[in-house]
Amino acid sequence: MPPAYLHRSMIRLVLLAACLVLLAGCTVEITPPTPELPPVPPVPTFTPVPHVSPEPAPPAETADSQPAEPEPEAPPEAVSEPQAPEPPESVAAEPLPPGSIGTGLVVNAAVLNVRSSPDVNSSRLGQLQNNAVVQVLDGTADQQWWHVCCLPDGVTSGWVYGQFLDVNLDPSAAADLAREPAVPPPVLSPWAVHPANRAEMWDLTWEIAVGRLPEQRFAHPPTEALSPLTGLPISPERLTQRPILVCIPSDIPARPQYGLSQADIVYEYLVDGYSITRLTGIFHGQDVPDIGPIRSARLINFYLGYLYNGAVMCSGASDFIRRLLREIAEFPYFDIDLDNSTGRLPYSYILGTGLTRFHTNTLGVRQWLQDFLREQPIDIQGFVFQAEASPGSPASYVKIPWPVVSSSWVEYRYNPQSGLYARYMGGVPHVDANTGAQIQTANIVVQYVTHQNTFLVEDSLGNLSLDQDIFGSGRAVIFRNGSRYDGTWSVDTLGSLPRFTAHDGQDIPLAPGASWIALVPDGYLLTVQ
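For the sequence shown, our numbering gives the first residue as 3, with consecutive numbering after it.
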């Protein structure tokens, strides 16, 4: 008989087997019911049905468009653009001035460039705003360009791209478009030649620079005790002295400069690859105790020296510019780097260190002129001055977009109490270190002149010298007494300062007092308010 513990083990095994059988039976018989889902409707199939309309539907109106009348079909144009809106009836109804063949409305463009010739690469003269109305003078045979006139900002006429001008032509004059208008050929720069060596480079530099000068010079001794530079009363002794032109930098380390508020005239112009501006202060009517800093000369100083027949003082220059000033110029040129490198008095002195260390004063320059027997009476025909002027357009704020990269942009704000414009540079008041006061001027002259790159390397960075032609004529904008006047400038002979005339040929007089003259490239857009 087996032991009791074996009986107990066998009983456990039997019971365990019985449980397993029962569990297996339960898994087979008890299955979860399958839930009944609602029937899924079949996915509808879409068959496109063609829509036939007996008449073309009018275009839908949007915020930027107007309902347009149906127009007959036309052959596709070379450039596809949204349909321009119909010009207002008043445009077509206005009588056309002499020489005009129609009117034009600027469409499909926020601003439209006005160019000097029917070519996108030609110089930009200005801009037209959307919906501006102009007079059409002529056009190319393919009507891709239109010659328009009576433009804002004093632009007499220019060319605009036809794609953005809705033109309404006079039928009797439209036949003139069968011909191509006479377009002046592009002016090739004389500096485009690449000399083979330094000798050829010097010969060509001399030829171009001297060739810019007018052939005739006339002496114009003042007939009354008024300054030809400011129109203000001047002592007879001053009339026996020639103007002094000093090269002054405008970069940030040179600010604030000394003596600018005491200059009769200050020229402002681009240098060094259009990246920064430089100044030339012209001193004549008063003694100035400190003028500076003094920096190197540029090609424009050769031209300004001839224009004013003055004494030019700078501190160095590139090789060929220095040769022009020292060997060719008929006016006295004082180079501090060569003639007075130690900074000894009385001609100049050193104030501080670095590139802005050289300074001078009017007494020192006068002494230099006397020592070298180069002093002489002023003999130039000055600007036209008039205390009162005819009404112009309001201009209490003027901004000249000089390069931002060098913090050179300039603003002027008019003060009705003083009748002067306060000058700002780089967004802050431009102060004279001599007085500690903000610089002010009676006149702002913006003179548009041709700018051309030369083959002359100007500095250690490889920037090319700029040739700015201040002889001949061009567009000008004059600001005085809170008003703006548009016209032209002209210089026909040496010994005559620029004459500014309105489009009707009448003189635009300057206000008696100091003037700042900006020599800007064609296409520079001013901000005027």
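These are calculated hints, taken from the structure and not from any lab test.
Where is the CB? At the ideal position from N, CA and C, for every residue including glycine.
Careful, some of the hints might be misleading.
Cβ pair distances, simulated, as ranges [stated by the list, open to error]:
id: 1; residue 1: T242; residue 2: C151; range: 44 to 50 Å
id: 2; residue 1: V407; residue 2: A227; range: 28 to 34 Å
id: 3; residue 1: E329; residue 2: F457; range: 16 to 22 Å
id: 4; residue 1: I330; residue 2: A112; range: 47 to 53 Å
id: 5; residue 1: D471; residue 2: A201; range: 47 to 53 Å
id: 6; residue 1: A201; residue 2: S392; range: 52 to 58 Å
id: 7; residue 1: N199; residue 2: D121; range: 32 to 38 Å
id: 8; residue 1: Q145; residue 2: A112; range: 45 to 51 Å
id: 9; residue 1: D121; residue 2: P192; range: 17 to 23 Å
id: 10; residue 1: H505; residue 2: A143; range: 38 to 44 Å
id: 11; residue 1: P216; residue 2: D121; range: 25 to 31 Å
id: 12; residue 1: L215; residue 2: P255; range: 45 to 51 Å
id: 13; residue 1: L190; residue 2: L215; range: 32 to 38 Å
id: 14; residue 1: D471; residue 2: D121; range: 17 to 23 Å
Hints versus structure:
1. T242 <-> C151: 44 to 50 Å: Taking Cβ atoms as reference, T242 and C151 lie about 48 Å apart, which means the hint holds.
2. V407 <-> A227: 28 to 34 Å: violated, 46 Å
3. E329 <-> F457: 16 to 22 Å: Given a distance of about 19 Å, which is inside 16 to 22 Å, the answer is holds.
4. I330 <-> A112: 47 to 53 Å: holds, 49 Å
5. D471 <-> A201: 47 to 53 Å: violated, 25 Å
6. A201 <-> S392: 52 to 58 Å: holds, 54 Å
7. N199 <-> D121: 32 to 38 Å: With a Cβ separation near 35 Å, N199 and D121 satisfy 32 to 38 Å, so the hint holds.
8. Q145 <-> A112: 45 to 51 Å: Given range 45 to 51 Å: violated, Cβ gap about 22 Å.
9. D121 <-> P192: 17 to 23 Å: holds, 21 Å
10. H505 <-> A143: 38 to 44 Å: violated, 29 Å
11. P216 <-> D121: 25 to 31 Å: holds, 30 Å
12. L215 <-> P255: 45 to 51 Å: violated, 34 Å
13. L190 <-> L215: 32 to 38 Å: violated, 20 Å
14. D471 <-> D121: 17 to 23 Å: holds, 21 Å
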